[in-house]
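2 protein chains.
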Amino acid sequence: MTRTADYARRYGFPQRVRVVEVGPRDGLQAEPEFIATTDKIAMIDRLASAGIREFEATSFVSPRAVPQLRDAAEVIAGVDRTRRVRLTTLVPNPRGAVAAAAARVDAMVVFLSASESHNRKNVNRSREQSLEGFREVVSIAREAGITVRGAIATAFGCPFEGEVDVAAITDIARAYAGMGITHVTLGDTTGMATPPLVVERCRALREAVPQTDIALHFHNTRGVGLVNVHAGLAEGITIFESSIGGLGGCPFAPGATGNIATEDLVYMLHECGVETGIDADAVADAAAWMEGVMGRKLPGQAAKAGPRLRRSAMDAVATACG
Amino acid sequence: MTRTADYARRYGFPQRVRVVEVGPRDGLQAEPEFIATTDKIAMIDRLASAGIREFEATSFVSPRAVPQLRDAAEVIAGVDRTRRVRLTTLVPNPRGAVAAAAARVDAMVVFLSASESHNRKNVNRSREQSLEGFREVVSIAREAGITVRGAIATAFGCPFEGEVDVAAITDIARAYAGMGITHVTLGDTTGMATPPLVVERCRALREAVPQTDIALHFHNTRGVGLVNVHAGLAEGITIFESSIGGLGGCPFAPGATGNIATEDLVYMLHECGVETGIDADAVADAAAWMEGVMGRKLPGQAAKAGPRLRRSAMDAVATACG
Numbered sequence: 001m002t003r004t005a006d007y008a009r010r011y012g013f014p015q016r017v018r019v020v021e022v023g024p025r026d027g028l029q030a031e032p033e034f035i036a037t038t039d040k041i042a043m044i045d046r047l048a049s050a051g052i053r054e055f056e057a058t059s060f061v062s063p064r065a066v067p068q069l070r071d072a073a074e075v076i077a078g079v080d081r082t083r084r085v086r087l088t089t090l091v092p093n094p095r096g097a098v099a100a101a102a103a104r105v106d107a108m109v110v111f112l113s114a115s116e117s118h119n120r121k122n123v124n125r126s127r128e129q130s131l132e133g134f135r136e137v138v139s140i141a142r143e144a145g146i147t148v149r150g151a152i153a154t155a156f157g158c159p160f161e162g163e164v165d166v167a168a169i170t171d172i173a174r175a176y177a178g179m180g181i182t183h184v185t186l187g188d189t190t191g192m193a194t195p196p197l198v199v200e201r202c203r204a205l206r207e208a209v210p211q212t213d214i215a216l217h218f219h220n221t222r223g224v225g226l227v228n229v230h231a232g233l234a235e236g237i238t239i240f241e242s243s244i245g246g247l248g249g250c251p252f253a254p255g256a257t258g259n260i261a262t263e264d265l266v267y268m269l270h271e272c273g274v275e276t277g278i279d280a281d282a283v284a285d286a287a288a289w290m291e292g293v294m295g296r297k298l299p300g301q302a303a304k305a306g307p308r309l310r311r312s313a314m315d316a317v318a319t320a321c322g
Numbered sequence: 001m002t003r004t005a006d007y008a009r010r011y012g013f014p015q016r017v018r019v020v021e022v023g024p025r026d027g028l029q030a031e032p033e034f035i036a037t038t039d040k041i042a043m044i045d046r047l048a049s050a051g052i053r054e055f056e057a058t059s060f061v062s063p064r065a066v067p068q069l070r071d072a073a074e075v076i077a078g079v080d081r082t083r084r085v086r087l088t089t090l091v092p093n094p095r096g097a098v099a100a101a102a103a104r105v106d107a108m109v110v111f112l113s114a115s116e117s118h119n120r121k122n123v124n125r126s127r128e129q130s131l132e133g134f135r136e137v138v139s140i141a142r143e144a145g146i147t148v149r150g151a152i153a154t155a156f157g158c159p160f161e162g163e164v165d166v167a168a169i170t171d172i173a174r175a176y177a178g179m180g181i182t183h184v185t186l187g188d189t190t191g192m193a194t195p196p197l198v199v200e201r202c203r204a205l206r207e208a209v210p211q212t213d214i215a216l217h218f219h220n221t222r223g224v225g226l227v228n229v230h231a232g233l234a235e236g237i238t239i240f241e242s243s244i245g246g247l248g249g250c251p252f253a254p255g256a257t258g259n260i261a262t263e264d265l266v267y268m269l270h271e272c273g274v275e276t277g278i279d280a281d282a283v284a285d286a287a288a289w290m291e292g293v294m295g296r297k298l299p300g301q302a303a304k305a306g307p308r309l310r311r312s313a314m315d316a317v318a319t320a321c322g
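Protein chains in written order, with my numbering: chain A, 1 to 322; chain B, 1 to 322.
This is chain A alone, in the form it adopts within the complex (with noise of 0.2 Å):
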């Protein structure tokens, strides 16, 4: 036994997990600058290289309202799908399910928030006609034999009512159940997550849904993000999303940091002895190519500090003690 099994096995983590990448769609929605399809193809395939073999891969939104990826359909056609990724994209409502279906994406995601006044905030109608709206974006999808997965927003706290009930996630759940999605994201959209509520709001939807797999998705917005995915472990969850970089930034506090990194996650999910089938050198590598791709630095540390054990020469720096 190793000393990294040991740790994984001593918190009951589970010996392997899936990271899925959502950068393409959820990094870069809110870059003002156009980033290029290639280089949006191109990061995935990149990733892909690295073995991450799920996307959020674009959304079929309006353009309109979000310009950055109106390259949606380009991007999907555009991805070596040799590699039997699976990419999955979010869809707001029935004209984005049929071009979704149209791009013969794996999987629609729909989505929306735990809190009554951000879904109106998000999407300028009242959580119930979100979930009635879906029924017909899962109808479209079932006709396309393509699987359906719900995302919860606002999953761990709202920026406008503070904390949400956990019975807000568990009555979501059930009727994303009552409509056969039974694929669940909590989404930290605004970095409000904490290690006590991840083991809550698990255990909650493992009662409420026994049926649906459980994904988690954090922000590093208040720097426990790892220690929530940490939690999440702990509670046996498999499912772990993130973005190359940290890409994606927290929509309520200017410079703060959004999603999770996925070099950093990897790196920590190796060394706490969970495996990914992910190579964490060329994943941070992609990370390293991707600052290059937006010209700035990214959130994510791992891809700075290189491999834990490169060796540095001994005139390399002049050190002091830390």
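Mixed in with the good hints there might be a few duds.
Copies of one chain are not kept apart here, so a pair can be met inside one copy or by any two copies together.
To be verified - Under the rule of at most 20 Å between Cα atoms (straight-line distance), these lysine to any residue pairs were calculated in the SDA-like manner:
#1 121 - 30
#2 297 - 255
#3 121 - 309
#4 297 - 249
#5 297 - 254
#6 121 - 310
#7 297 - 34
#8 121 - 314
#9 121 - 133
#10 121 - 313
#11 121 - 312
#12 121 - 311
#13 297 - 307
Hints were generated in silico from the structure; no laboratory data involved.
Fit chain B to the supplied structure of chain A, relying on the hints for placement.
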């Protein structure tokens, strides 16, 4: 039982821990521009107002070696001691010990590296020679009635040698105990600590030197600094070092983060049900103030994001699902 206390109890976390602020010494020592003595003093006083009670305040080192800390005696003399803060200072040699004793510090810290090559590079002597030299420091301190603490740098890995054997740590801790030093800090000098290593090293130390207090000093160089704190808490560790704003870099990777940020540490501790006696919001305010002093953004997250439950106005931003 609250949700947070429940979380702490599940993991066997201590009820309360001590946070040692190392920003004034470790955070500043490598800054090329001299920080005004009044700012260094204000830094300590502000954090003391926020409830921090222990500081690594400066280093009585040669002003030629570390010009930034040439004002060590003035800093110690300038701090408002009415709040009963404990000011510890690094002392590299007997001359430093004499100066520290004259300045009436509360504790002196001697340090060496667990790795032979890092120790030679850092202080130009073997570990054996370092330990030998500490005897005189201890005797000067004892005469002045001042406690001595021992730090062990590169305790989780060495940038030159790679992995550091746990026996190197326990040997040094035993040598420290042999000269009456019963407070040992494990320093993660270049961010190579991982949760399983934290577990291994804390347990080995407990067994080797059961009377010794263990403090942990992590860097966030690879993003897992607070996850390492979590691992330390589960081992019952009650003393953690951090730096306001995350001041202080990694000397081996340009652009990489160094010390974990005090405001993020305190936020995480409180959210995980561990008490500190510190006002998290006041610490975050101090971090924002520190960014002003430094004239640049610092790596800490909690101050940028603001309090977890601070509500945004509904018209504050145009949001999109995250």
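Checked hints:
Within a single copy, residue 121 and residue 30 get their C-alpha atoms as close as 16 Å, which meets the 20 Å cut-off; across copies the closest is 46 Å, which misses it. Taking the shortest Cα distances, residue 297 and residue 255 sit within 20 Å of each other both inside one copy (13 Å) and across copies (9 Å). Within a single copy, residue 121 and residue 309 get their C-alpha atoms only as close as 47 Å, which misses the 20 Å cut-off; across copies the closest is 18 Å, which meets it. In this assembly of identical chains, the alpha carbons of residue 297 and residue 249 lie at most 20 Å apart whether taken from the same copy (13 Å) or from different copies (16 Å).
Proximity of residue 297 to residue 254 under the C-alpha cut-off of 20 Å is found in both arrangements, the shortest distances being 16 Å within a copy and 12 Å between copies. Taking the closest pair of Cα atoms, residue 121 and residue 310 come within 20 Å of each other only across two copies (17 Å); inside a single copy the shortest separation is 47 Å, beyond that limit. Only within a single protomer do residue 297 and residue 34 lie at most 20 Å apart by alpha-carbon distance; the minimum there is 18 Å, versus 26 Å between protomers. With identical chains, the CA atoms of residue 121 and residue 314 are at most 20 Å apart between copies only, with a shortest distance of 7 Å across copies and 56 Å within one.
Only within a single protomer do residue 121 and residue 133 lie at most 20 Å apart by alpha-carbon distance; the minimum there is 17 Å, versus 65 Å between protomers. Within a single copy, residue 121 and residue 313 get their C-alpha atoms only as close as 54 Å, which misses the 20 Å cut-off; across copies the closest is 11 Å, which meets it. In this assembly of identical chains, residue 121 and residue 312 lie within 20 Å of each other by CA distance solely across copies; the values are 12 Å between and 50 Å within a copy. Taking the shortest alpha-carbon separations for residue 121 and residue 311, only the inter-copy value of 14 Å comes in at or below 20 Å, while the best intra-copy value is 50 Å.
When the C-alpha separation of residue 297 and residue 307 is checked against a cutoff of 20 Å, the pair qualifies only within one copy, where the shortest distance is 18 Å, while the shortest distance between copies is 25 Å.
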